[in-house]
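> Read top to bottom, the protein sequences are chains G and W. Heads up: the first sequence runs through residues 1 to 325, numbered per the working numbering. Heads up: the second sequence runs through residues 1 to 337, numbered per the working numbering.
To be clear, the hints were calculated from the coordinates, so they are not data collected in a lab. Take the hints with a grain of salt, since some may be wrong.
[Unchecked claim] Covered stretches of chain W (chain G as the covering partner; in silico rule of three or more C-beta atoms under 8 Å from a C-beta of chain G):
| # | region |
| --- | --- |
| 1 | 7-21 |
| 2 | 124-136 |
| 3 | 188-194 |
| 4 | 320-327 |
[To be verified] Restricting the straight-line Cα-Cα distance to at most 30 Å, the calculated cross-link-like pairs of lysine-lysine (DSS-like) are:
| # | chain 1 | residue 1 | chain 2 | residue 2 |
| --- | --- | --- | --- | --- |
| 5 | W | 246 | W | 8 |
| 6 | G | 39 | W | 271 |
| 7 | W | 198 | G | 51 |
| 8 | W | 198 | W | 173 |
| 9 | G | 39 | W | 116 |
We treat Cβ as the ideally placed atom computed from N, Cα and C, and that holds for glycine.
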Amino acid sequence: MAQLTYREAVAAGIAQEMERDETVAFIGEDVARAGGVFKATVGLFDKFGPKRVIDTPISEQAILGAAMGAAMTGMRPIAEIMFSDFLAVCWDFVANEMSKSRYMSDGQLKCPLVVRTGNGGGSRFGAQHSQSIENWAMAIPGIKVVAPSTPADVKGLLAASVRDEDPVIFFEHKSLYAIKGEVPEGEHVDTLGTAKVVRPGKDATIVALALMVPRAIQAADKLMTDHGIDVEVVDIRTLVPLDMKTISSSVAKTGRLFTVEENPRLCGWGAEIVSIVVDELFWDLDGPAVRITTPHIPLPAADNLEDITIPSVDRIYSKILDVLR
Amino acid sequence: MAKKKTLKNDDIDEKKRLELYNSQYLIRVAEQRAYDLFLENLVKGTSHLSLGQEAIAAGFATAMQENDKSFCTYRGHAHTLARGASVVGVLGELMQRDCGLMRGKGGSMHLTDTSKGVMGSYAIIGAHLPMAVGSAWRAQYMGHDDVATVFFGDGTTNIGAFHEALNYAVVYKLPVVFVCENNNYMEYTPIESITAVKNPAADRASAYGLDSIIIDGNDADEVYRTAQVAYSKARSGEGPSLIECKTYRQSGHSRADPGAYRPDGELDHWKKNNDPITRYRSRLIEFGVKQKIIDGIEENVKRVVDEATEEAKSSPVPPEEILTTNVYANGGWAWRN
Ligand SMILES: Cc1ncc(C[n+]2csc(CCOP(=O)(O)OP(=O)(O)O)c2C)c(N)n1
Ligand SMILES: [Mg+2]
Numbered sequence: 001m002a003q004l005t006y007r008e009a010v011a012a013g014i015a016q017e018m019e020r021d022e023t024v025a026f027i028g029e030d031v032a033r034a035g036g037v038f039k040a041t042v043g044l045f046d047k048f049g050p051k052r053v054i055d056t057p058i059s060e061q062a063i064l065g066a067a068m069g070a071a072m073t074g075m076r077p078i079a080e081i082m083f084s085d086f087l088a089v090c091w092d093f094v095a096n097e098m099s100k101s102r103y104m105s106d107g108q109l110k111c112p113l114v115v116r117t118g119n120g121g122g123s124r125f126g127a128q129h130s131q132s133i134e135n136w137a138m139a140i141p142g143i144k145v146v147a148p149s150t151p152a153d154v155k156g157l158l159a160a161s162v163r164d165e166d167p168v169i170f171f172e173h174k175s176l177y178a179i180k181g182e183v184p185e186g187e188h189v190d191t192l193g194t195a196k197v198v199r200p201g202k203d204a205t206i207v208a209l210a211l212m213v214p215r216a217i218q219a220a221d222k223l224m225t226d227h228g229i230d231v232e233v234v235d236i237r238t239l240v241p242l243d244m245k246t247i248s249s250s251v252a253k254t255g256r257l258f259t260v261e262e263n264p265r266l267c268g269w270g271a272e273i274v275s276i277v278v279d280e281l282f283w284d285l286d287g288p289a290v291r292i293t294t295p296h297i298p299l300p301a302a303d304n305l306e307d308i309t310i311p312s313v314d315r316i317y318s319k320i321l322d323v324l325r
Numbered sequence: 001m002a003k004k005k006t007l008k009n010d011d012i013d014e015k016k017r018l019e020l021y022n023s024q025y026l027i028r029v030a031e032q033r034a035y036d037l038f039l040e041n042l043v044k045g046t047s048h049l050s051l052g053q054e055a056i057a058a059g060f061a062t063a064m065q066e067n068d069k070s071f072c073t074y075r076g077h078a079h080t081l082a083r084g085a086s087v088v089g090v091l092g093e094l095m096q097r098d099c100g101l102m103r104g105k106g107g108s109m110h111l112t113d114t115s116k117g118v119m120g121s122y123a124i125i126g127a128h129l130p131m132a133v134g135s136a137w138r139a140q141y142m143g144h145d146d147v148a149t150v151f152f153g154d155g156t157t158n159i160g161a162f163h164e165a166l167n168y169a170v171v172y173k174l175p176v177v178f179v180c181e182n183n184n185y186m187e188y189t190p191i192e193s194i195t196a197v198k199n200p201a202a203d204r205a206s207a208y209g210l211d212s213i214i215i216d217g218n219d220a221d222e223v224y225r226t227a228q229v230a231y232s233k234a235r236s237g238e239g240p241s242l243i244e245c246k247t248y249r250q251s252g253h254s255r256a257d258p259g260a261y262r263p264d265g266e267l268d269h270w271k272k273n274n275d276p277i278t279r280y281r282s283r284l285i286e287f288g289v290k291q292k293i294i295d296g297i298e299e300n301v302k303r304v305v306d307e308a309t310e311e312a313k314s315s316p317v318p319p320e321e322i323l324t325t326n327v328y329a330n331g332g333w334a335w336r337n
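In isolation and in its complexed conformation, chain G is listed as follows (with noise of 0.2 Å):
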């Protein structure tokens, strides 16, 4: 095991995938000589040079549009869209073009491609640079979408994004970037479609993505600590495909569901997955599903402000010890 920060797990697993896949190669604006305004791909121009790994223009379109084109004719491209904000001026290509064209072609086209993306909020950067958007991407069929919480995650599941045969929107959480963890040596490949229990527990279940997960198990350490109240926390790692077997299964034990999600309130991923728990395991419910959420306002810029909206140990934390009082 290797101790790697979450931002030099993407480097290591582009690098990984370039090293096995000559098809392999990666586009986005100041990403080679600069290595990324996070930082995420220092190195892989060094290593790689710049036939694979490229800086573009600021010209969104043209970079998804590209990346799809090659796809399509028998590369694996990975993209980047640095912030995750800026996928709507392109969002053509993520709604209509990479999600569909298979479908259309009734299988003659196919798009084996990743976008990473710096997603989340967190940074004081105000409406335009801090949204959680993996909701939006959940909505488009066609697509899978990926939001790793651990440095071991993002290297395993951007390594299994890259052997995808689908477009794969991959979100890395900005607040993440800088934590540290195990990252297994050599080959790290993970699967797509698998939850995880990260705390076992039996007395509720969090189902929780990308930061909200070290918060909803440091809220769930608090409520065994302060009141004896043990909680189980699935990091759901992928939203499609969605592993319901793993949350269903720990909602079956528990018997209570709360969901932790940093989109604003309508329409957040939380929302499906209390929808098929109230459809498939009513009878298994103890009480009411509870999602908590960012309120449905823009982000703001001011740190107090921001602290308040996206919810956090202590607000994960109160909301599930007055429900299950």
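For chain G, the structure is supplied; the task is to place chain W with the ligands on it using the hints.
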């Protein structure tokens, strides 16, 4: 001592020149202060300074009339200040205090002061070019005489919105002025390495039937004169202009950037030989402006910025109740009953 030969005032009179200097100097001192406040950890989030690019903001704003509209990027402190927005409001917003122009809800990248014609600062590259076109359309439609000016960088010329906005503005002959501040870099990447033409804005002008205009963006007089021509063209119904201003950003791209990608000596060269403030100060002297007057302007600006800094520092953080205000037009955020 022999009397020093001075130049006569030309088309720009002394009063205007002092205005231009005051504006540039205010931006310089306020931006330096923003940097110092960042080092004191009082500027949260990010911030993008216009150090070295002051002459462009000053030149255009000085040529504007009061009802003209400015559309800025995240690198918009300069343009906001140049329109006369309060220094406390700008520094306060950078510090995310209650006294900020937007009470800390927008942050440094989104400075807005509609009372001064600053119709916002936008952080998604390209977005505000079509918006400026829309403002110009409204002016034409409603018979107003204001012109929209949109400021953007060299890197922005490679996004589709730039091209769509130009074509649209020309087709309808709209009163909008497109100002490209070519500071040589798109973030950390040299602009020439990712652009098909040498002059990223001017070399594209002909594709839209526009004149190719390249000016020295570090010469406030040249900027001011060019702006006047563009505004009178726009106001007389002759349509848009695209102006490429050559300049250089003396600070990092944003607060986190030490500028490691710059070739050795490049920054020093620009600071020493082509700094807009130094150049303009010498010009004032060349035109016979007394040192005392220049000193007076500088002292006054420093005092204004010092006072604003203290006021912003003592302003509280925004109150929590504004978190959910102004999501919808009724002032609130309710989405269900
Ligand atoms: C659509 C979009 N893509 C990428 C970015 C990230 N980004 C912010 S500033 C910038 C460089 C802009 O360069 P330029 O237009 O030359 O302006 P400058 O910063 O030099 O003033 C980039 C790529 C963004 N904000 N929006
Ligand atoms: Mg630039």
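> When the structure is checked against the list of hints, which entries are broken? Sort them ascending.
1, 9
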